[in-house]
Amino acid sequence: MKTRCAVIGVGQTRYAAKRQDVSLYGLVREAALAALADAGLGFEDIDAVIIGKAPDTFEGVMMPELMLAGALGAVGKPMMRVYTAGSVGGSTAVVATHAIEAGRYRRVLTLAFQKQSESNAMWALSPAYPFVPPTVAGAGGYFAPLIRAYIRRSGAPEDIGWRVTVKDRENAMRNPLAHLHQPVTLEQVSQAPILWDPINYLETCPSSDGACAMVLCAEDVAQAAPRPPAWVHGTSVRTEPIIFSGRDQVNPEAGKYCAADLYAQAKITDPLTEIDCAELYVPFSWFEPMWLENLGFCAEGDGWKMVRDGVTAMDGDLPINMSGGVMSTNPIGASGMIRFAEAAQQVRGLAGDHQIEGARIAMGHAYGGGSQFFAGWIVGSEPA
Amino acid sequence: MKPLSAPYQIDYHYKRSLGPVLGRFMAELEQGQIIGSRCQDGRVLVPPSEFDPRDGSESSGLVRVAATGRLETWSWQPQGDFAFGLIRLDGTDSALLHRIQGAQASELHQGMGLIAVFADERRGQIDDIDHFRPAGTDEITATDLGEPVPPLTEDRVLKIPLVLDYQIRAGATTSDFLRGMARGEILGNRCPQCHKVQVPARPACTTCSVLCESPQILDETGTITTFSIIRIEFPGQRLAPPYVCAWILLDGADTALLHLVSGDPENVRMGQRVRAVWKAEADWGPTLESIRYFEATGEPDRPFEEIAEHL
Amino acid sequence: MADIAIVGFAQTPTRPQSQGDEVELVQAVVSQARDQLGLRQDDIGFTCSGSSDFLSGRPFSFVSAVDGLGAWPPARESHVEMDGAWALFEAWVRLQHGDLDTALVYAFGQSSLGAIEKILTAQLEPYTTAPLTPDANALAGLQAQALLLAKDATEADFAKVVSRNRRAGLDNPHAQLRSPAPARNQPVASPLDASDCPPVGDGAACVILARGDRARALCERPAWIRGMDHRIETHHLGQRNLCQSPSTAAAAQSAGFDGHVDVAELHAPYSPQELILRRALGGLETANVNPSGGALCANPVMVTGLIRLGEAAQAIIDGRATTALAHATSGPCLQHNLVAVLEAR
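Protein chains in written order, with the numbering used here: chain A, 61 to 444; chain B, 18 to 328; chain C, 7 to 351.
Source of the hints: derived by calculation from the structure; they are not laboratory data.
For clarity, every value in this text was computed on a predicted model and none was experimentally measured.
Incorrect hints may have been included.
Derived coverage of chain A by chain B (criterion: at least 3 residues anywhere in the stretch with Cβ under 8 Å from a Cβ of chain B; other residues may be distant) [to be verified]:
#1 84-91
#2 112-120
#3 187-193
#4 199-209
#5 253-267
#6 297-306
Beta carbons: idealized from backbone N, C-alpha and C, even for Gly.
All chains, please: the whole structure from these sequences, using the hints.
Take a look at the structure:
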């Protein structure tokens with residue numbers, strides 16, 4: 061590693077089910093220009109542009125970096141497009157971080173987006189494709205059996221999933237950019253129709269349009285930034301196959317490796333006490349306790365107790381998804397980068413109404429595929 | 018044996034929200050007019066852009082432009098009686114890609130005067146210009162730019178189809194597995210390194226990255242490891258909800274298979290013993306759907322500890 | 007800059023229709039590349055791949071390809087929805103970080119599953135260009151015609167490029183077309199003849215990178231990467247000078263190209279594009295250009311660029327060259343270009 065990397069600019073669009081007021085250009089520029097303004101920079105200051113998003117069939121544009129080069133000020137510069145399933149927003153930020161740390165670039169604009177309203181996510185994710193076993197109704201159909209297995213293994217009561225939804229929707233009320241500004245009560249969640257038993261409608265993420273951008277830079281640039289930087293203390297990606305004998309899909313090894321790698325880099329020995337808050341990729345509410353265990357914030361089987369005891373609430377010891385999380389905003393390809401960016405905003409002290417007072421160390425996390433692609437970073441208010 | 022092959026088509030009408038600049042461009046096309054965008058350095062681009070692609074800077078405004086221009090380069094298309102061409106509209110600084118008709122291939126030349134021919138029925142899309150044709154000298158009149166035009170303030174969404182045809186081929190091992198299904202056999206295969214049996218048969222062991230042994234026929238009985246009850250309705254659904262999708266660990270296999278389970282969803286359990294129920298032999302084909310579903314055998318459930326490793 | 011080299015390369019033969027699916031293609035090249043160096047997947051520090059969902063029309067096609075990799079124990083792994091050359095770039099930057107000393111890069115592409123020249127139309131901006139459905143041949147035709155109009159080349163020059171590449175392809179067992187150039191009597195999109203266009207084929211490739219002493223231990227004569235860079239241009243063809251490739255020139259300069267190499271592998275799917283690239287690069291008069299036969303003899307889309315890097319490196323590893331240049335392209339009419347300069351030390 062030749063230099064430390066820091067986040068000096070974050071920009072996000074307003075998120076909504078349908079952003080029909082903007083083109084794809086307008087959507088990505090809304091986030092990119094906000095991130096540049098935050099960093100006090102212009103496109104002319106950027107060395108490279110690294111973008112990420114999930115399947116191109118969502119927008120029906122193959123390799124959209126080609127059409128977006130001009131919109132993101134990338135003409136004449138290097139531009140890349142990362143794609144690692146649902147974790148892509150996170151792994152895109154990791155690729156950008158490495159390029160800074162390796163000394164390749166001094167300032168990188170990294171951005172992830174998805175405009176799901178251009179098509180239909182259910183269709184785009186589960187086409188009737190030849191020779192592929194018939195799908196089981198999108199992502200929910202895939203993950204519901206894993207959640208059932210988690211509940212069976214941990215003995216968690218059914219209200220845990222409801223509680224996560226209530227918390228995340230409440231948190232989203234403090235985030236003006238969030239897609240869903242609709243708080244719900246425990247009673248309402250418990251009465252919601254079941255979609256993929258055991259997952260009900262309100263335990264499920266929405267489908268959103270939006271983009272998230274960050275300006276990452278080398279240490280010397282960060283020292284001169286107009287607003288406080290978030291310093292990257294560690295990044296990691298891990299992948300495992302979607303199926304093999306003895307695979308633990310509830311608590312996947314790849315997620316554990318990713319966390320262990322992060323803690324080693326950030327010199328964290330007790331994540332629960334040393335990490336002030338985290339943005340985790342929770343597309344179905346039950347994944348909050350599952351990831352708490354997978355990331356080592358508690359012993360296996362105890363994640364649901366942290367939820368029950370309010371540890372992950374805004375005023376708890378380890379607030380999770382202060383922004384409202386994926387449960388309130390989900391432009392799939394951008395959701396991972398939003399987690400990373402929101403973690404950065406916390407340690408910059410710029411998270412606005414959903415700021416955790418005095419947050420110094422925060423985690424951003426993303427996963428994708430059949431719980432098999434993981435990306436994470438740990439950021440701090442001070443250099444590592 | 019040749020791999021199995023089947024057609025597949027992407028056919029989707031994407032809902033393109035256009036934003037203020039392309040929205041105005043399409044609204045003007047509908048009126049039989051063309052607009053461009055002005056960059057901060059004064060260059061005028063057609064089609065108009067929200068930004069200057071050279072540096073990403075905001076465009077400074079929109080302006081009406083002439084429907085006439087000059088041919089820069091072209092490519093005659095052998096399938097039809099037209100060429101694609103790049104046409105620089107008079108007074109602008111970039112060229113527009115469009116079709117050129119009404120001339121022989123040999124007549125096309127650089128700098129040739131062209132004029133847009135608008136479609137009779139227009140709906141605010143690039144095809145509202147049906148094509149460009151050679152312009153008579155008297156038709157090239159105003160080469161000046163027209164008046165400024167404001168960006169569109171209301172949302173405008175254009176449905177644009179994307180149709181792509183494919184002929185998909187299954188891999189060699191997947192073809193073997195699917196042909197097994199057409200014979201009423203469930204084929205798995207063993208990794209020579211870790212000795213685990215995967216089902217469906219796969220070309221390589223996903224963890225050892227070595228080729229698997231030849232497929233073997235597996236038992237039709239197994240155990241439900243975990244499951245979901247599908248209650249949501251969605252387009253293309255093959256069964257009426259509610260129904261059960263379960264991971265089933267076949268006896269003798271080390272990876273589970275996703276399939277349907279018959280009967281009252283409320284009676285389905287983790288650890289439950291099930292057996293495959295095949296369709297009538299005449300309906301067997303190279304698909305997992307040759308098995309209609311799995312049904313309970315009535316044997317005692319396997320204890321949770323025995324399946325815990327397969328979650 | 008850290009000392010990083012290409013130490014191994016494997017490719018499947020490019021064929022009109024692969025017998026295998028993406029898992030079988032990937033398993034074959036990845037294990038061949040690892041085996042020839044005596045490496046196992048868990049010896050690899052970082053893995054990165056390139057491919058595009060649109061080739062098969064299936065979302066997440068790269069996810070099933072991971073089944074052929076053997077990502078166990080869990081791997082540091084990433085993917086670009088681009089030609090594998092860009093995956094190699096990502097891996098090269100990743101190794102410069104310093105904590106890892108090997109990387110494996112692979113790419114796969116089955117161009118035969120659909121009409122690839124029509125599929126590539128989906129790369130065009132979807133508002134004013136893609137709806138007109140110009141296919142990849144039509145766009146390359148516009149570029150070729152622009153060259154003729156600028157008097158930068160003649161059709162005879164196109165024919166010479168085809169004939170030289172096809173002659174070279176005769177000696178390449180991995181090439182799809184292994185016959186001399188045919189007569190120019192099959193017009194495609196004017197002024198292009200069928201022989202100016204790439205064949206449609208399927209394939210996969212794998213390159214292994216290593217740092218410093220690890221590279222020297224794995225390979226007798228590593229192909230050291232002197233430099234590598236890439237640049238993108240404006241998307242709208244009407245806003246570019248199609249006769250030039252400033253992005254190639256800028257990438258080459260940044261990669262440390264000094265005007266002399268023994269071998270150059272240029273990713274020019276259409277013969278006129280080789281002329282544009284040669285002019286942008288300059289100084290290739292004495293180089294052996296495309297000894298593999300290039301993209302005109304084998305063009306598994308999303309793999310062709312990575313093959314250029316692999317072929318250039320293999321020329322050094324085998325002692326056929328001391329310096330080599332590899333180029334990869336992406337997008338319509340050479341919109342995005344990558345250049346690497348390799349050398350023996």
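Okay, the hints, checked on the actual structure:
no. : hint    : in the structure
1   : 84-91   : holds (count 3)
2   : 112-120 : holds (count 3)
3   : 187-193 : holds (count 6)
4   : 199-209 : holds (count 7)
5   : 253-267 : holds (count 7)
6   : 297-306 : holds (count 6)
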